[in-house]
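Engineer: Sequence:
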Amino acid sequence: MSPSGYTEDALVEQPAIALLAELGWSPYNAYHEFDHGPSSLGRETRAEVVLKTRLREALLRLNPDAPVEAIHGAIEELTRDRSRMSMVAANREIYALLKNGVRIPVPDPEDDGQTVEVVRVIDWDEPANNDFLLCSQLWVTGEMHTRRADLVGFVNGLPLLFVELKAAHVRLETAYTNNLRDYKDTIPHLFWPNALIILSNGSQSRVGSITAGWEHFAEWKKVGSEDEAGRVSLETMLRGVCEPARFLDLVENFTLFQEVPGGLIKLTAKNHQVLGVNNAIAALRSMREGHHDGGRLGVFWHTQGSGKSVSMIFFAQKVQRKLPGNWTFVVVTDRQELDDQIYRNFVSTGVVTEGRAQAESSGHLRQLLREDHRYVFTLIHKFRTEPGEVHPVLSERDDIIVMTDEAHRSQYDTLALSMRTALPNAGFLAFTGTPLIVGEERTRQVFGDYVSVYDFRQSVVDGATVPLYYENRIPQLQLTNANLNEDMARLLEAAELDEAQEARLEREFAREYHLITRDDRLEAVAKDIVAHFTGRGFQGKAMVICIDKATAIRMYDKVWRHWAEEIAVLQAQRTTARMDTLEDLDARISRMQETDMAVVVSQGQNEIGDLAAKGLDIRPHRKRMVEQDLETKFKDPEDPFRLVFVCAMWMTGFDVPSCSTLYLDKPMRNHTLMQTIARANRVYPGKVSGLIVDYCGVFRNLEQALAIYGAGQGGDSPVEDKAALGAALR
2 MSPSGYTEDA
12 LVEQPAIALL
22 AELGWSPYNA
32 YHEFDHGPSS
42 LGRETRAEVV
52 LKTRLREALL
62 RLNPDAPVEA
72 IHGAIEELTR
82 DRSRMSMVAA
92 NREIYALLKN
102 GVRIPVPDPE
112 DDGQTVEVVR
122 VIDWDEPANN
132 DFLLCSQLWV
142 TGEMHTRRAD
152 LVGFVNGLPL
162 LFVELKAAHV
172 RLETAYTNNL
182 RDYKDTIPHL
192 FWPNALIILS
202 NGSQSRVGSI
212 TAGWEHFAEW
222 KKVGSEDEAG
232 RVSLETMLRG
242 VCEPARFLDL
252 VENFTLFQEV
262 PGGLIKLTAK
272 NHQVLGVNNA
282 IAALRSMREG
292 HHDGGRLGVF
302 WHTQGSGKSV
312 SMIFFAQKVQ
322 RKLPGNWTFV
332 VVTDRQELDD
342 QIYRNFVSTG
352 VVTEGRAQAE
362 SSGHLRQLLR
372 EDHRYVFTLI
382 HKFRTEPGEV
392 HPVLSERDDI
402 IVMTDEAHRS
412 QYDTLALSMR
422 TALPNAGFLA
432 FTGTPLIVGE
442 ERTRQVFGDY
452 VSVYDFRQSV
462 VDGATVPLYY
472 ENRIPQLQLT
482 NANLNEDMAR
492 LLEAAELDEA
502 QEARLEREFA
512 REYHLITRDD
522 RLEAVAKDIV
532 AHFTGRGFQG
542 KAMVICIDKA
552 TAIRMYDKVW
562 RHWAEEIAVL
572 QAQRTTARMD
582 TLEDLDARIS
592 RMQETDMAVV
602 VSQGQNEIGD
612 LAAKGLDIRP
622 HRKRMVEQDL
632 ETKFKDPEDP
642 FRLVFVCAMW
652 MTGFDVPSCS
662 TLYLDKPMRN
672 HTLMQTIARA
682 NRVYPGKVSG
692 LIVDYCGVFR
702 NLEQALAIYG
712 AGQGGDSPVE
722 DKAALGAALR
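In our numbering, the protein residues as written are 2 to 731.
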């Protein structure tokens, strides 16, 4: 036991050390490491963060046939000074060496040339072959500062685990804001090899990566199974994350580096992603062992916004590393922007490196599937055939996995069966953000039952998504939903209406369509949007969802006009305002003046003429859509483009964490409604909830819609009435 006064809190630290020792880490108190001359850990100075003696012993043990110069070369490469790189770039470089081994050129005695020796750094398959050392109270010196870390976990001499502990009465967030931030500034080299960071005050614990903001540090509530009750405790965290086999699984298979507009970030999996992906891997192993179930790997239901597309990448990566086979992954979606989004996700994480992996036509898809590619991305429609024609068999390989996104939409019925015919021995895994509805038996026929479930309620409770609230506005203008023909909702559910469908909507649902698009009604909605948008608490981005393109443009025009009027009103108020309110008033005026808005709708034939006939000019809007990267601007929280008018674009697979408000003025139901409202549930600093403002009475029947989902799993509503917030405040 260390002298009193320097340990963070014996009530937290000592039990943590005891449990980690029980799990297989060798504990060592390093407080007095240099007290008697040379370091008892073999470090030359406190500035060294790699325990070279242990690293050398591990490398010799794991590479018994490697020449000694290769071992020396590997140690040099692992401990090289990387201070000129950003911390995350240094971390990515070392991670690649850990994962794939260090390639060292050595002389080849047979032909006087050189050969490359790959030196293994970690035995990923047999955890017991590695050296797990847990140092408490480790002094580390940076360029100008010395700091003492609570717990550092070394694997084969490399500091892969960092644990910051606080006393039980201290707010956990201070471990991040006060301590971790300071360590990263003062002793950054300790984090170059880091794999995981745990913050705990004993009662609360969170885990994250070196680039994660506080809001992305996550709890770990379940150790080995989704069926566990789940509890927040330091014990659950340490058993679930630090038990050696689990720790190595997380480091090897659940770590990604992603290029995003702000630079490079490091992603480590959340608890639900690890459990879900490992369930899917178990289903695949079972299929490979002959328990075939017709290639049905199951349905992976993780609620919108909880990292489903990243789970797809984790799954594919782990299959390639852990299961023998020359794997091909066919990623299937049913919308072009979804296909582009998922493809970009795979490319930005460095997983897809070969060119032309997206199928451009049915013929191109057939060619790609007959060739040998690691990844193929396609729209489901490319599996179509001529009437009466049976889809040809494209490959009889059994190491093809088809991963589909939102596989329950109507388009999948016949096309999914064509997919089965084309790839008779493939495994089929469906990823969805919404549960299967009663009657979606076709989805089960192709994909099987749930392999993993992470529903709305769990996601909000865990902080993986923020809670959603809705409020009905200007009810005197609301349609009585009883009149809103079910067929109209079904037609709208196809979301991306083409010209023919838009014409049909106006023709067949003339009365309802007229009610929704009546000029005085749109005028009142536009005025209300301006009042609501400018009066919100958290000033996040917002989307206005309209029934069709014409209405989106009309609404844009009306909102702009009311916007200018509101600025004029505020400027008039300035002249009589008291000094103490002037600053606030000026800030509101300034924010309104700089705010940018735009219409984003899909292109269509004859759109200029058709919309001109309705008195609307789409050309300036189309010019912006073509000439500017509006998607990147809207995703950038600092960009003044804050309000977008859409009818179908950007409503699925479109992640904008800073978006906090949706103005719904379009009849919706079922999956389309669920996917749309999830645009507002992403986690973002300062954002505690998302708000859905309903102008169309959509939520009047929400309970009824959710009752359908209840049969899938837990009928919890993904949104609550905003009145619940008021009650909670009181």
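Don't read these hints as lab results, they were simulated from the structure. Worth double-checking, as some hints may not be accurate.
The calculated label-pair distances, taken between Cβ atoms and stated as ranges, are [to be verified]:
1. G356 to G538: 34 to 40 Å
2. V119 to S362: 51 to 57 Å
3. A532 to A97: 51 to 57 Å
4. D228 to V107: 33 to 39 Å
5. D126 to R458: 54 to 60 Å
6. E628 to L516: 35 to 41 Å
7. D585 to P621: 32 to 38 Å
8. S226 to A11: 42 to 48 Å
9. G25 to S362: 25 to 31 Å
10. R232 to V119: 40 to 46 Å
11. E78 to G43: 46 to 52 Å
12. H292 to K615: 56 to 62 Å
13. H292 to V462: 31 to 37 Å
14. P108 to D228: 54 to 60 Å
In silico lysine to aspartate or glutamate, EDC-like type, Cα no more than 16 Å apart, as pairs [as the list claims (entries may be wrong)]:
15. K688 to E632
16. K323 to E290
17. K559 to E524
18. K559 to D618
19. K223 to E236
20. K323 to D126
21. K688 to D656
22. K223 to E253
23. K323 to E524
24. K624 to E639
25. K100 to E78
26. K100 to D124
On a predicted model such as this, the values are computed, not experimentally measured, just so you know. Positions of the beta carbon are idealized from the N, C-alpha and C atoms, including for glycine.
Engineer: It remains to establish, for every hint, whether it holds in the given structure.
Structural biologist: Each hint, compared with the structure:
1. G356 to G538: 34 to 40 Å: violated, 46 Å
2. V119 to S362: 51 to 57 Å: Since the Cβ atoms of V119 and S362 sit about 41 Å apart, the hinted range of 51 to 57 Å is violated.
3. A532 to A97: 51 to 57 Å: holds, 53 Å
4. D228 to V107: 33 to 39 Å: For V107 against D228, whose Cβ atoms are near 51 Å apart, the range 33 to 39 Å is violated.
5. D126 to R458: 54 to 60 Å: Cβ of D126 to Cβ of R458: about 37 Å, so the range 54 to 60 Å is violated.
6. E628 to L516: 35 to 41 Å: Holds, at about 36 Å.
7. D585 to P621: 32 to 38 Å: holds, 34 Å
8. S226 to A11: 42 to 48 Å: violated, 33 Å
9. G25 to S362: 25 to 31 Å: Given range 25 to 31 Å: violated, Cβ gap about 54 Å.
10. R232 to V119: 40 to 46 Å: For V119 against R232, whose Cβ atoms are near 42 Å apart, the range 40 to 46 Å holds.
11. E78 to G43: 46 to 52 Å: Check failed, 19 Å falls outside 46 to 52 Å.
12. H292 to K615: 56 to 62 Å: This hint holds: roughly 59 Å between Cβ atoms.
13. H292 to V462: 31 to 37 Å: Distance hint for H292, V462 holds at roughly 34 Å.
14. P108 to D228: 54 to 60 Å: holds, 56 Å
15. K688 to E632: violated, 21 Å
16. K323 to E290: holds, 15 Å
17. K559 to E524: Answer holds: K559 to E524 is near 6 Å, not above 16 Å.
18. K559 to D618: holds, 14 Å
19. K223 to E236: holds, 10 Å
20. K323 to D126: holds, 9 Å
21. K688 to D656: holds, 15 Å
22. K223 to E253: violated, 20 Å
23. K323 to E524: It is violated: about 59 Å lies between the C-alpha atoms, which goes past 16 Å.
24. K624 to E639: The hint is violated at about 23 Å.
25. K100 to E78: holds, 14 Å
26. K100 to D124: holds, 10 Å
The structure does not agree with the numbered hints 1, 2, 4, 5, 8, 9, 11, 15, 22, 23, 24 stated previously, though it agrees with the rest.
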